[in-house]
Every structure is written in structure tokens, then in C-alpha cells.
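Student: Sequence:
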Amino acid sequence: MIKNIKWLLLVSLTFIACNDDEATVTYDSTDGLPLTAGTADFTKYVALGDSFAAGYSDGALFIEGQNGAYPNILAQQFALVGGGTFTTPLMADNIGGFSLGGVQIPSFGPRLYFNGASPVTVSGISGTSISDKLTGSFNNMGIPGAKSFHLDFVGYGSSAGNPYFARFASTPGATVVTDALAQNPTFFSLWIGGNDVLGYALSGGDGTNPITPTATFNGVYNSIISKMTAGGREGVVANIPYVGSLPHFTTVPHNPVPLDATTVTQLNSLAAYGAYNAGITQAFAYLVANNLISRANADAEIAKRTITFRAGAGNAVVIMDEYLTNLTGINPALVSMRQATAEDLIVLPASSFIGTTVGGDPTKVNGVSVPLADKWVLSKNEILETKVASDAYNAIIQAAATSNNLAFVDAKSLMIQLSTTGITANNYTLNTAFATGGAFSLDGFHPTPRGYALISNEFIKAINAKYGSNLNGVNLGDYRILFPRDAANF
Numbered sequence: 004m005i006k007n008i009k010w011l012l013l014v015s016l017t018f019i020a021c022n023d024d025e026a027t028v029t030y031d032s033t034d035g036l037p038l039t040a041g042t043a044d045f046t047k048y049v050a051l052g053d054s055f056a057a058g059y060s061d062g063a064l065f066i067e068g069q070n071g072a073y074p075n076i077l078a079q080q081f082a083l084v085g086g087g088t089f090t091t092p093l094m095a096d097n098i099g100g101f102s103l104g105g106v107q108i109p110s111f112g113p114r115l116y117f118n119g120a121s122p123v124t125v126s127g128i129s130g131t132s133i134s135d136k137l138t139g140s141f142n143n144m145g146i147p148g149a150k151s152f153h154l155d156f157v158g159y160g161s162s163a164g165n166p167y168f169a170r171f172a173s174t175p176g177a178t179v180v181t182d183a184l185a186q187n188p189t190f191f192s193l194w195i196g197g198n199d200v201l202g203y204a205l206s207g208g209d210g211t212n213p214i215t216p217t218a219t220f221n222g223v224y225n226s227i228i229s230k231m232t233a234g235g236r237e238g239v240v241a242n243i244p245y246v247g248s249l250p251h252f253t254t255v256p257h258n259p260v261p262l263d264a265t266t267v268t269q270l271n272s273l274a275a276y277g278a279y280n281a282g283i284t285q286a287f288a289y290l291v292a293n294n295l296i297s298r299a300n301a302d303a304e305i306a307k308r309t310i311t312f313r314a315g316a317g318n319a320v321v322i323m324d325e326y327l328t329n330l331t332g333i334n335p336a337l338v339s340m341r342q343a344t345a346e347d348l349i350v351l352p353a354s355s356f357i358g359t360t361v362g363g364d365p366t367k368v369n370g371v372s373v374p375l376a377d378k379w380v381l382s383k384n385e386i387l388e389t390k391v392a393s394d395a396y397n398a399i400i401q402a403a404a405t406s407n408n409l410a411f412v413d414a415k416s417l418m419i420q421l422s423t424t425g426i427t428a429n430n431y432t433l434n435t436a437f438a439t440g441g442a443f444s445l446d447g448f449h450p451t452p453r454g455y456a457l458i459s460n461e462f463i464k465a466i467n468a469k470y471g472s473n474l475n476g477v478n479l480g481d482y483r484i485l486f487p488r489d490a491a492n493f
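In this text, residue positions in the sequence shown follow the working numbering: the first is 4, and each later residue adds one.
No lab work stands behind these hints: they were computed from the structure.
Heads up, a few of these hints could be off.
Said to hold, decoys possible - Calculated pairs, DSSO-like style, for lysine-lysine (alpha carbon to alpha carbon, straight line, at most 30 angstroms):
no.: 1; residue 1: K464; residue 2: K47
no.: 2; residue 1: K415; residue 2: K383
no.: 3; residue 1: K307; residue 2: K383
no.: 4; residue 1: K415; residue 2: K378
no.: 5; residue 1: K415; residue 2: K464
no.: 6; residue 1: K230; residue 2: K136
no.: 7; residue 1: K47; residue 2: K469
no.: 8; residue 1: K415; residue 2: K390
no.: 9; residue 1: K378; residue 2: K367
no.: 10; residue 1: K47; residue 2: K230
no.: 11; residue 1: K469; residue 2: K230
no.: 12; residue 1: K464; residue 2: K230
no.: 13; residue 1: K47; residue 2: K415
no.: 14; residue 1: K415; residue 2: K230
no.: 15; residue 1: K378; residue 2: K307
What the hints assert, rightly or not - Ranges of calculated distance between the beta carbons of each label pair, as one might list FRET restraints:
no.: 16; residue 1: D302; residue 2: G358; range: 30 to 38 angstroms
no.: 17; residue 1: K230; residue 2: T359; range: 45 to 53 angstroms
no.: 18; residue 1: V123; residue 2: K230; range: 41 to 49 angstroms
no.: 19; residue 1: T217; residue 2: N271; range: 41 to 49 angstroms
Quick caveat: nothing in here was measured; it's all calculated off a predicted structure.
A virtual CB, placed ideally from N, CA and C, is assigned to each residue, including glycine.
Working from the sequences, and respecting the hints, build out all of it.
Tutor: Shown next as C-alpha cells:
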């Protein structure tokens, strides 16, 4: 009998020990408890948006970039708590972009890679023909180039619309929203509005790609939200960052020009900018004398428009600025130009244009003796225009999230933090330094895989906070910061 009691006691202790072990299991969740979706239903998730949702990176859309898109990462997390299959309209290869008749279309890829000194394009021709048509429905409906009003625009999926959507739209007359709703989603993400401002910024505010009016954005955004939330459908939305937080606009300094003493003497002489400076002073004297401008305002603009160079590095480029007082009616030679300041943003492609000559003439140097055209520069006034629009859009997005009880991601603050202090997570620090900061790819405004992972984690945090889920997000160390030249090394 005593032996039996000892045996039963041993069994009991073993059982308790097993229970103790189970109680210390660490779940892949934010709180150490079993994973839960909370009140969210991730059974059928669809993602609406632009190139960020599509996984665009390094100046092109290609398979590995698409695989690392933030909606794909979210879907993998959702799958842990009942989320279903998530499909993406994959491109044909990792060259990127579109071809036509076996020839690469230059405005669509190929992707960039870093050769150790600078970004260059990969060799090869994309296997994705611009006339290709995919069948079936797709959960990732991120469309590169899409603006807010494009998502519910009839004909956007036609050959006259957007080729990225046309290749998988259900019909030429379908819209992104109708194709998304046709899948009967239970959960959605919407991050749109970036291109409504970014297109203007990328063109240097030259007027070829205007900012979407706030009234237009308000109407289309709330219409999309109304349709996507019909029946109480849940989702997550994000606001848009300031363009000034992106390395595409912060990498090239306003004063990159080194000059020798001889060149400086020539540029400052009466045969060059010396004559321009004298003409500006005379023109404003005329305007003051005729009470067309105050003396104080005249002096301020003279100081702003006076162009001078000095020997050595750190000379500011000369730019055109349409916001200056137009003096050509007084003197046709007095075009609206000035030297850039730290309040202006030079677009990334200008890095390979500044210092080149016009027609091989060594006296006509772009950015120095020849002012940069509007498309190369986002001036202080143009930057303000983008901020005003972004703030207006973000107020609309925030209000829509609040009134429809949606999760909200403050992407604007995220990008500001990346561009100032940087963000450290999983022992990796990301910032917006071009090519080396880890957050942005070689085109300067689309994220790297690690950048997309960071973004997906911000979406997860917002979803957890709103719906009571406890998804843990992903480890940034599992995602690369640069794609290699050869697809075989992916």
C-alpha cells in the first residue's frame, strides 16, 4: 500500500510539472497569451492603395518586392488567427516593370540595384508584357500610380487606364473598389492619397501633375470608405506623410557646387550674374519709385534674388522660382531666378543633372550658369502647398477613421521620426539616409523590404489597439534592406 501511495504521488508531481511547463509557454503575441483576432474578422482580407500597397521598390514592381509588400506581411499575421488565403497579381519576374514586343518600356522599370557607388538598372527585359491579362480575383489591390479618385474610377482597368490594374481587373469597366467588394471581404486596409500630392512634388511642382483639390479628395475618400464599411465591415486606414520626409527630396543638398577662383570671378562679373544683380536693383528702384512695391519688400526680394558665388565648395545652385515678382515686363533679361536655400528641396534625379553642360558648351553649366528648371526643385512655396494639402487630406482620413470606428495608422508621424531621430526595433536602426538608412529603396520614396516590415508592424499596432487582437508583428531582421543585382541571389 505504501509503495502504491508513493507511485501515485510521483505521478501527481509529474502531472503538476507538466502543467507548470505549459503555463510558461511563450506565445508569439504581444502579451504572451494565446493569439487572438479580438473582434476583427480576418477571414477575407483585401488591401486597397497605391504603389506602397503593391510592394513597389527600387523604381519598379517585381515579384520579390511584391512578396514583401506590407499587405502581404499583414496577411501572414492574419493567417495566425484565422485569416484566409491572400493572393497578389505577381509580375512575371524580378527584372521589374513592363515590356512591349520584347522591348523594355523605359517608364516602367527595370528595377535598380546598388553597384557599390550608385544605383543602376539591372540588365534584361521584363517578362511581363504590358498587354498581359491575369484571370481570377486578387486580394492585394495596390495599384502603382493610383490617386484617391482613381480607385473608384470607371475605366481605370481598361487599356486607357492604369496598366497595373488593367492586367488583373475583372473587366475593363471595373473599378478597384468594385473588384474589392466583389470578393465579399471581412476586413480591409486603405492607404491612399500619397500620389495626390507626391505626383506634384516629383515633378518639382512644375504644374504637369497638379495636387488633387481637397474637395475632390474629401468626396472620393469618404465615398470609398462608405462602400468599404457597408454592413459594419472592419478595417484599417493610414494617413499620408509629408514629402519632405522622403529621401527623394532630402538627399541632394541645395549647395553642392564646388568652384575655383577663376570660375567664380567670371560668374560674378558684369558679363554674367553681376549684370543680373545690377538689373534687379534698378528694376525694384523703379517699382518703389512708382509706389508699386514697398521699400522693405523690395530690399527683401533683392537680397533673395542676388546671385553670388565664392571659391570652394558649398555654392548653392541657381533655380527658377515662379513665386518671385515678375520683372520681365521691365527688362526681359530679368527672369525669375535665385539661388536655392536650405528651405528648398532638390529632387533626387538632379544629382546626375547638376553640373552637366548644355550642348557640350562649358560656359553653360546646369545649376550654375544655367538655372535649374522648375521640375528639378521643390521650392519653399511649393513645399508649403504640399503640406497644406497633406494636412487637409489627413484631417479627412482621421475623421473618416473615427466616424467609422476604423483602426488608424499615423504614417505621417512615422516618416517624420524616420527622417529625424530614426527608429530602432529588433536591434536595427532605420532612417531615411539614401541607400544606407535601411528604410527606403533606391528610388528614394518607396520602402525597402525592411521598411515595409516596419510599416506592417505599425499597422499591426493600430489593429491591436482598435480590435483587441494581440498580433506580435514581424522581426525586422528577417527582411533585407537592398535587393542584389542577380535574382538568383534572392
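Student: Please go over all the hints and tell whether each is borne out by the structure.
Tutor: Results for each hint:
no., hint, verdict
1, K464 <-> K47, "20 angstroms, holds"
2, K415 <-> K383, "19 angstroms, holds"
3, K307 <-> K383, "12 angstroms, holds"
4, K415 <-> K378, "25 angstroms, holds"
5, K415 <-> K464, "15 angstroms, holds"
6, K230 <-> K136, "27 angstroms, holds"
7, K47 <-> K469, "18 angstroms, holds"
8, K415 <-> K390, "11 angstroms, holds"
9, K378 <-> K367, "18 angstroms, holds"
10, K47 <-> K230, "16 angstroms, holds"
11, K469 <-> K230, "20 angstroms, holds"
12, K464 <-> K230, "25 angstroms, holds"
13, K47 <-> K415, "28 angstroms, holds"
14, K415 <-> K230, "25 angstroms, holds"
15, K378 <-> K307, "20 angstroms, holds"
16, D302 <-> G358: 30 to 38 angstroms, "32 angstroms, holds"
17, K230 <-> T359: 45 to 53 angstroms, "49 angstroms, holds"
18, V123 <-> K230: 41 to 49 angstroms, "43 angstroms, holds"
19, T217 <-> N271: 41 to 49 angstroms, "45 angstroms, holds"
In summary, this structure violates none of the numbered hints.
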